[in-house]
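Novice: Taken in order, these protein sequences are the chains called C and V. So the first sequence is residues 1 to 348, counted in my numbering. So the second sequence is residues 1 to 278, counted in my numbering.
It cannot be assumed that every hint is accurate.
Unchecked claim - In silico lysine-lysine, PhoX-like type, Cα no more than 25 Å apart, as pairs:
| hint | chain 1 | residue 1 | chain 2 | residue 2 |
| --- | --- | --- | --- | --- |
| 1 | V | Lys55 | C | Lys201 |
| 2 | C | Lys196 | V | Lys135 |
| 3 | V | Lys135 | C | Lys141 |
| 4 | C | Lys335 | V | Lys49 |
In short, the hints are calculated from the structure, not lab data. Only a predicted model underlies this, so the values are computations on that prediction, with no experimental measurement involved.
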Amino acid sequence: MKRSIKYFLSIGLIMIIGLLSTGCGSNKATLNVYNWGDYIDPDVIKEFEKEFNVKVNYNTFATNEDMYVSIKKGGTSYDVAFPSDYMIERMIDEGLLEKINKEKIPNLSNIEDRFLDLDFDPNNEYSVPYMWGTVGIIYNKNLVDDVVDSWNILWNEKYSGQILMLDSQRDSIAVALKKLGYSMNSRDRKELEEAKEELIKQKPLVYAYVGDEVKDLMVGEEAALAVVWSGDAVAMIRENENLEYVIPKEGTNLWFDNMVIPKGGKNKELAEEFINFMNRPEIAARNTDYIGYSTTNYKALEYLPEDIVNSKVAYPADEEIGEVEIFKDPKDFLKVYDEIWLEIKAQR
Amino acid sequence: MRMKWTSYPYILWMIIFIVVPLALILLFSITTGEEGGIKNLQFTLDNFKRFLDPKYLDVLWISISLALKSTAITLLLGYPMAMIIAREKPKRRNIMILLFVIPMWMNFLLRTYAWLTLLGKNGLINYIVIKLGFKPLNLIYNDLAVLLGMVYNFLPFMVLPIYSVLIKIDKSLIEAAEDLGANKIKVFSRVTFPLSIPGIITGITMVFMPAVSTFVISRLLGGGQYMLIGNLVEQQFLWVGDWHFGSAISIIMMAFILLTMAITAKFDSQKGEGGRLW
Numbered sequence: 001m002k003r004s005i006k007y008f009l010s011i012g013l014i015m016i017i018g019l020l021s022t023g024c025g026s027n028k029a030t031l032n033v034y035n036w037g038d039y040i041d042p043d044v045i046k047e048f049e050k051e052f053n054v055k056v057n058y059n060t061f062a063t064n065e066d067m068y069v070s071i072k073k074g075g076t077s078y079d080v081a082f083p084s085d086y087m088i089e090r091m092i093d094e095g096l097l098e099k100i101n102k103e104k105i106p107n108l109s110n111i112e113d114r115f116l117d118l119d120f121d122p123n124n125e126y127s128v129p130y131m132w133g134t135v136g137i138i139y140n141k142n143l144v145d146d147v148v149d150s151w152n153i154l155w156n157e158k159y160s161g162q163i164l165m166l167d168s169q170r171d172s173i174a175v176a177l178k179k180l181g182y183s184m185n186s187r188d189r190k191e192l193e194e195a196k197e198e199l200i201k202q203k204p205l206v207y208a209y210v211g212d213e214v215k216d217l218m219v220g221e222e223a224a225l226a227v228v229w230s231g232d233a234v235a236m237i238r239e240n241e242n243l244e245y246v247i248p249k250e251g252t253n254l255w256f257d258n259m260v261i262p263k264g265g266k267n268k269e270l271a272e273e274f275i276n277f278m279n280r281p282e283i284a285a286r287n288t289d290y291i292g293y294s295t296t297n298y299k300a301l302e303y304l305p306e307d308i309v310n311s312k313v314a315y316p317a318d319e320e321i322g323e324v325e326i327f328k329d330p331k332d333f334l335k336v337y338d339e340i341w342l343e344i345k346a347q348r
Numbered sequence: 001m002r003m004k005w006t007s008y009p010y011i012l013w014m015i016i017f018i019v020v021p022l023a024l025i026l027l028f029s030i031t032t033g034e035e036g037g038i039k040n041l042q043f044t045l046d047n048f049k050r051f052l053d054p055k056y057l058d059v060l061w062i063s064i065s066l067a068l069k070s071t072a073i074t075l076l077l078g079y080p081m082a083m084i085i086a087r088e089k090p091k092r093r094n095i096m097i098l099l100f101v102i103p104m105w106m107n108f109l110l111r112t113y114a115w116l117t118l119l120g121k122n123g124l125i126n127y128i129v130i131k132l133g134f135k136p137l138n139l140i141y142n143d144l145a146v147l148l149g150m151v152y153n154f155l156p157f158m159v160l161p162i163y164s165v166l167i168k169i170d171k172s173l174i175e176a177a178e179d180l181g182a183n184k185i186k187v188f189s190r191v192t193f194p195l196s197i198p199g200i201i202t203g204i205t206m207v208f209m210p211a212v213s214t215f216v217i218s219r220l221l222g223g224g225q226y227m228l229i230g231n232l233v234e235q236q237f238l239w240v241g242d243w244h245f246g247s248a249i250s251i252i253m254m255a256f257i258l259l260t261m262a263i264t265a266k267f268d269s270q271k272g273e274g275g276r277l278w
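Excised from the complex, chain C in its bound form:
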């Protein structure tokens, strides 16, 4: 009896050691991609795998902060990630990003000029544009009978328990700052405290702070008003025609999500190949069509159905967007933002 236990244990140990040392046992190169949830057409990944005979290891995150921490501290190495403007700025500052070899990305020429050479990454040395959009209010015409044109409506007690906010600190604090008429990149402690008070005042009216669930909740008419990113609004309106998207008159946030190559990735060339692939017009069009967000790839527009290209939500004219701001990295003020957000969330 004892001998057989010994025997099985040794076999087991040998097997474990064997498994650990050979890894997954496949010779295919793997590409680790780290993207927002619900932010790509899954078939596109399969097609890339097939065409380049590689394996794509695809992971998702819910907020920029979340992504930043796991790249910086997670002990994981990603080859491609999709951060937004202010986060790209921070990652460049902290030396977390690899310079991109533009010669390897000829499809960069498909990107519209206005999305290139932006403040957070002059000359696009570190990032290649993917999607862009605005932040606004989506509301259900049957449930809201006031005119929705201002952030103020999110503080209207009439809609208590029917308001959804984004579970994302930058975006929610920005809404309060804009309501008060301040810059959403405020670096003034007093202004930020005021924004905090506003959000705490609003909290009893808020139904929930959500991420991607917002789509199900608004389409299912569980709530009347929600703060959303424009692309999600497109996807929601597609499924429920009672919904309408508005950019408040106080101004809003214009944002850009770009593709970057984090340092520590093992496959820089393949990563560049992937970024180039994503910017093929037909591939960019498929992603755009699938997720509803607005592409930065002007050649992709030819492949998209009319109703998307002409959509005022996805592709608003400049005068419709009104006064916009692009997020900047708060740098040393980040701690204040973190603190404020925590206090709002912990408030009962």
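Dock chain V against chain C, hints included.
Specialist: Same frame as chain C, but now just chain V:
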């Protein structure tokens, strides 16, 4: 007793996956230093001091009171349930236990998500309520929903240990009590209940621990408005990236759990027939 060599793999396992991580959490909780590995860490107790701020103590208090409430409810619901199951004939009893355990084969997250569609404003329950001619109820994103999620998810952890103690109680003890003239209430209060205390203690620990540290239930059913201690730890690790403060909170939470275990262990001085689950 000399340890057999067969125990070495387990010792190795415990060192790698229990001792080392715990030591790291402890190390992080009493140090500070942005990055650059262990060399750059500096000793400090600021992480613990920071926790004494009322806003964090509030979070701790809310977590503990919610966990206590859910433990009490699972006990009140679970004990009679365990008794009912334990009284059945073995064959039916096994089927009932199986039915109880099967939902646990499903992913915990999935089961919690399912409640979203049940409790939502246009969910199944409200659908029935409206059909019956009442106004829709506010069922989700509040204290009650979080509590419900905890009770629902952790109920088996209360029922199973109590059940396993109850079926091991020697029937002749109960018969003896009845022969001596004790009525049903007396038999329960003087024989069955005292003998089942080890199971209750195990149940309480096994419900209280996950309930006080949960972050998924409070986020999904609380709609992100409920900052419990688990959410605070999650936030520090995943979003803010302050592993030192996050570790300090974890240590404080562990201290609380150890404290409750010590208290419950005191009640457990009778040392029953070894009916503990582990």
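Novice: Each hint should be assessed against the structure and marked as holding or not.
Specialist: Against the structure, the hints:
1. V:Lys55 to C:Lys201: holds (17 Å)
2. C:Lys196 to V:Lys135: violated (34 Å)
3. V:Lys135 to C:Lys141: holds (21 Å)
4. C:Lys335 to V:Lys49: Distance ~17 Å between Lys335 (chain C) and Lys49 (chain V) Cα, so the pair holds.
Hint 2 alone, counting from the list given before, is not met by this structure.
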